[in-house]
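Each chain, letter by letter, is given below.
Protein chains: 2
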Amino acid sequence: MKILITGGTGFVGSRLARELLARGTLDGRRIEQLVLADQYPAPEAAADVARDPRVQVRVGKLLEQCQAFVADRFDGVFHLASAVSGECEADFELGLRSNLDSTRALLDALRAAGNVPRLVFSSSVAVFGPDAGNPMPPLVRDDTLPTPQTSYGTHKLVCEHLVADYTRKGFIDGRSARLMTVTVRPGRPNGAASSFFSGIIREPLAGQEAILPVEPSVSHPVSSPARTVQGLIAVFEATQQQMGGRSGLNLPALNVKVSEMLDALEAVAGKTTRALVKQQPDPTIERIVAGWSKGATAARAERLGLKPEAQFADIILQYIADHPGAVTESARAAAAAYQRAHSR
Amino acid sequence: MKILITGGTGFVGSRLARELLARGTLDGRRIEQLVLADQYPAPEAAADVARDPRVQVRVGKLLEQCQAFVADRFDGVFHLASAVSGECEADFELGLRSNLDSTRALLDALRAAGNVPRLVFSSSVAVFGPDAGNPMPPLVRDDTLPTPQTSYGTHKLVCEHLVADYTRKGFIDGRSARLMTVTVRPGRPNGAASSFFSGIIREPLAGQEAILPVEPSVSHPVSSPARTVQGLIAVFEATQQQMGGRSGLNLPALNVKVSEMLDALEAVAGKTTRALVKQQPDPTIERIVAGWSKGATAARAERLGLKPEAQFADIILQYIADHPGAVTESARAAAAAYQRAHSR
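Protein chains in written order, with my numbering: chain G, 46 to 389; chain V, 46 to 389.
I should point out that these hints are in silico values taken from the structure, not numbers from a laboratory.
Here the structure is a predicted model, which means the values were calculated and not measured.
Any given hint could turn out to be false.
When chains are identical, the list treats them as one kind, so a pair holds in a single copy or across two.
What the hints assert, rightly or not - As a list, the in silico DSS-like pairs of lysine-lysine whose alpha-carbon atoms are at most 30 Å apart:
#1 339 - 214
#2 106 - 214
#3 47 - 352
Isolated chain G (complex conformation) (with noise of 0.2 Å):
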């Protein structure tokens, strides 16, 4: 079969890519071709990724490169990509081009190559928010009102719907997930208001300061990249009638406070790894921070047999072993005595 991530040399999407390549099947059908969309090239870190016979890196933006889809008819897509929320509050014709114009192209191309592919859009947790008629819940759940207070959650709750219209319709067989924010991204801070709740983790264990814009209070819905991979394939796999509806479902969360995600930082690498976390209050991150979830729940991704990691440290663990070139001797010295001491 042949498949297509768009944003496919990003984080996610070349993480996804190597899941993707290793299992070598989808479905229960073989992979014989992935084109990896994005406009940027497969950086390092994923070159593996771009070096297999089986992968097509197309570098470009996805609102020029969907005409050609057309003709592609791939059997699978995961939609990705997407211009993060700093981005779209900082340019908002960015943010309708590449989130809401680029993802109504790809569906209008999928749905005139006249296969019905099969299609996994990443929506975002930011599909919610307070309003002042609708306050949110402590916990969103899949079936709370969406009230969004950012385009970015806007553009992405809207694509939801579009998704679920033209698979109502029969062009694409569409289903959206919810992403929580996937922690710990690695490499440089990005434009996301979320981008802090990897680099509280990434720096100090590369033993660089780090700033903690918001109260150690904060609580959140996380994901590990592994999970977050493995809940895309598992929507992609499910029947329609295993997604229990149309409209978007959650991924599953690890609702964690941000002062629990630095005491696990502190048990697995050490106190001086964690001292290297400063807190310096920015109001716009914190005014952001305060219109988002604090925590999620996914009944309908449990019903797929989803789970969250159990806890913090597993996620760090997770960083230190997938890019030990990017965190200290001793920081990686202190995990291993963390990890013998937990695993009996």
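Given chain G, work out where chain V should sit, using these hints.
Same frame as chain G, but now just chain V:
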């Protein structure tokens, strides 16, 4: 002030225009100019409106008219133009163009104008529908989770969220009001699957047979044209605080069974009039109607002082008073007798 009504020569649009012209003011300011943008010229029934010196009718597709609105710098906009539900199901691209692309073009033009105009978007109770994971409650509320089951409802919901986001960003001062099924509409049946809700009253009153394509036990939230126009104006004149949130609000509904509509028809216009309604099930319409709300509540609209009609007979009397030429003499006489008996 300068007002734009899209769909301005249509039934609700021209009725809204007539009401605004009669009031002379909106939100405390004098109406100097009223532009009616519509793909059709004003029909004979709206000749009085089109003749008013304050009125300018602009005929053409909305998508092609939007660019000119930038220079107009309207103070207020009622965005009513829309392809109806049946049309959107029959022609997917027409629906996307008329209901999604046109609204986007309108919002972008109003944003480009730069004067933060106030906008009322006419959404619809069709945003609600039964999704496998989210069955509809017996009465849909302002905060019921919308999972639309038609392209029409999808586009209305998508546009609600775009209006909310353009408003949040300060580009417009927008608000979305979900119209209930407006009945009794004059004239000919239109492409809406809900068209029969008017037909089963209008045709018998004109001495003609009407087809009832669903069971008489079907219940539905309806509103008279007068209350609908009143609702649109109240929503325009409300402050954002009074609106109680940026998400769409339900306009008041009279929740009525088809059998109750027919009983009211008999009470007002006599047995022979009611006898002109022939039940003839239409599976396509039955399927669509099965996905619609059985009724609605409108808590936020009530806080704006809005109320539905008290009973369906009042809606029939309103139609007869507004369109005496479209009603047989015997039905008019029966209605006059009914009114004498019921007013004291």
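Verification of the hints:
1. Taking the shortest Cα distances, residue 339 and residue 214 sit within 30 Å of each other only across copies (24 Å), while inside one copy they are farther apart (35 Å).
2. Taking the shortest alpha-carbon separations for residue 106 and residue 214, both the intra-copy value of 28 Å and the inter-copy value of 26 Å come in at or below 30 Å.
3. Taking the closest pair of Cα atoms, residue 47 and residue 352 come within 30 Å of each other only inside a single copy of the chain (28 Å); across copies the shortest separation is 56 Å, beyond that limit.
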